[in-house]
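Peer 1: Listed below are the residues making up each chain.
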Amino acid sequence: MELIGAAGAASTLDLLAYSPPGWGANLLRGLWNSILIAGGAFGLGLLIGIFGAYGKLYGGPVLRDLLAVYTTVVRAVPELVLILILYYAVTDAVNQALIAFGHERIQISGLAAGIVVLGFVQGAYATEVLRGAILAVPPGQIEAARAMGMPATLLARRITLPLMLSYAIPGLANLWLVATKDTALLAVVGFGELTQETRQAAGATKAYFTFFMAAGALYLTLSLVSTYLFARLERHARRGQPSVGGAR
Amino acid sequence: MKALLQPHRIVMLAIAAAIVLWCVFTLRWDWLPKYLPLAVEGIWRTVWILAVTVVMGMALAIPLGLAQAVGPWYLAAPARVFCTVIRGTPLLLQLWLLYYGLGSLFPQIPWIRQSDLWPILRQAWPYAVLALTLSFAGYEGEVMRGAFKGVPKGQLEAAKAMGMPRWKILTRIWLPQAVHRALPTLGGETVLQLKATPLVATITVVDIYAVSSRVRQDTYIVYEPLLLLAVVYMVITGIIVLAFRALERRVPSRIA
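First to last, the sequence lines map onto chains C and P.
full-length UniProt numbering puts the last residue of the first sequence at 248; the count rises by one with no breaks.
full-length UniProt numbering puts the last residue of the second sequence at 256; the count rises by one with no breaks.
Check each hint, because a few of them may be wrong.
Listed next, with one range per pair, are the computed distances between beta-carbon atoms [stated by the list, open to error]:
| id | chain 1 | residue 1 | chain 2 | residue 2 | range |
| --- | --- | --- | --- | --- | --- |
| 1 | P | P37 | C | D14 | 47 to 53 Å |
| 2 | C | G203 | P | G188 | 33 to 39 Å |
| 3 | C | V90 | P | T204 | 23 to 29 Å |
| 4 | P | A14 | C | G102 | 34 to 40 Å |
| 5 | C | P151 | P | T204 | 56 to 62 Å |
| 6 | P | P152 | C | S109 | 54 to 60 Å |
| 7 | P | L192 | C | P151 | 39 to 45 Å |
Don't read these hints as lab results, they were simulated from the structure.
Every residue gets a Cβ at the ideal spot worked out from N, C-alpha and C, and that includes glycine.
Whole structure, please, built from the sequences with the hints as guidance.
Peer 2: This is the structure in structure tokens:
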């Protein structure tokens, strides 16, 4: 029994070794791709979210209704379906445009498509998170800045955005965790991120438990490390604010 | 109704109606009659998986929440680890771990192969239901922890003072108030669970998403099935939201 256990352990380590015949390098490459996509999508989502939140709060009636449609539809349709629709639509649109301008068709890289598609989805959630956070900024601060004659962009950069950060970070931390996990959905489109690489490794070696557990450990590490970093970031953003110990 | 009659909204509604009409008349829908029975079956399977996993996940989430909120450390620690692991890894990975992992392990064990359950375990849906249930339990366990902790202490002390046994306190006082507190979150989480169901198509369960993929593969029509699919999910989402709103309204709550 012990012998089998020892042999099992040795072969498991061999399978996960960094250099071939181990599959460690593939898993790590997948993890790096996942992090890249999640980071890009989160950044793009944040950008959409800032404009979306400002549009929802200060925009005209038409812009507001359009943004409401955007956030409602994106949040009601499964990410997997959106990824497929946008993946085909984005690829199609780019190629149509290229052909219209007399260029060749191109194959859009999975990385770029993944970032755009997930970023579009993240943007809808980020809009809601940031809208709530901006609303939580004491109105007196913004009024005071306006009374001082600050132009709108300076006001946003110096007053609203820094002040809302402490309210937005818990929601944004959640979004980041969702982004890291949503990258797994790109495996369905065949992009070589961590889950896809894991499935290939597992399929080739038939060691399903080993590889899926290893990938799970990688994802979990990523989550735990980011949770810790976001907690630190929140503490930094809250500096100078009175503590609300016991209230929550 | 009045909100819809503002001038700009009338124009936007008109544009939306025009887009819908354009979709109906210029896009290809000739595949629809042929695949309609399959689509209905797929919708039924999606709804069925959603309902079963939400109910079973909730049944697991209540003990998980209780263990984390008030349990001794030897119950609280495993519950917390379970919730962290489930929430920290993608559902797709959990699904594939269970399906491919258990699916390759079970055939090697003789007594499972010879048991009466084998015809069921050979299919894909038990693994789909198991993975989605565990996932829902993991997320809701965390929600219920907060909900159990949020019930005012005085309520529980009053119940104890009335001489209620512990089980009765749980079923009559603690659990109903915790669930009532968590109801808005649970509604949102149920929608999230609906949005997780298409993942089961990756392990060959034929839900509505799988049906749309099949139409795409059979007929090379890309957008139409996907658009219809999005509409189906939006309708189901709407029904879930309305149902939870009705459920919330059954218990009057005081708004301070």
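Peer 1: Mind checking the hinted window 23 to 29 Å against the Cβ distance between C:V90 and P:T204?
Peer 2: Given about 28 Å between the Cβ atoms, the range holds.
Peer 1: Taking the Cβ atom of P:L192 and the Cβ atom of C:P151, is their distance within the range 39 to 45 Å?
Peer 2: At roughly 40 Å between Cβ atoms, C:P151 and P:L192 fall inside 39 to 45 Å, so the hint holds.
Peer 1: Please check whether C:G203 and P:G188 have a Cβ separation lying inside 33 to 39 Å.
Peer 2: The hint (33 to 39 Å, Cβ to Cβ) holds, given that C:G203 and P:G188 are roughly 36 Å apart.
Peer 1: Between P:A14 and C:G102, is the Cβ distance one that fits in 34 to 40 Å?
Peer 2: holds (37 Å)
Peer 1: State, for the Cβ atoms of P:P152 and C:S109, whether the hinted interval 54 to 60 Å holds or is violated.
Peer 2: Holds, at about 55 Å.
Peer 1: Against the range 47 to 53 Å, how does the distance between the Cβ atoms of P:P37 and C:D14 compare: consistent or not?
Peer 2: holds (50 Å)
Peer 1: Is the gap between the beta carbons of C:P151 and P:T204 within 56 to 62 Å?
Peer 2: The hint (56 to 62 Å, Cβ to Cβ) holds, given that C:P151 and P:T204 are roughly 58 Å apart.
Comparing the model with each earlier hint shows no violations; every hint is respected.
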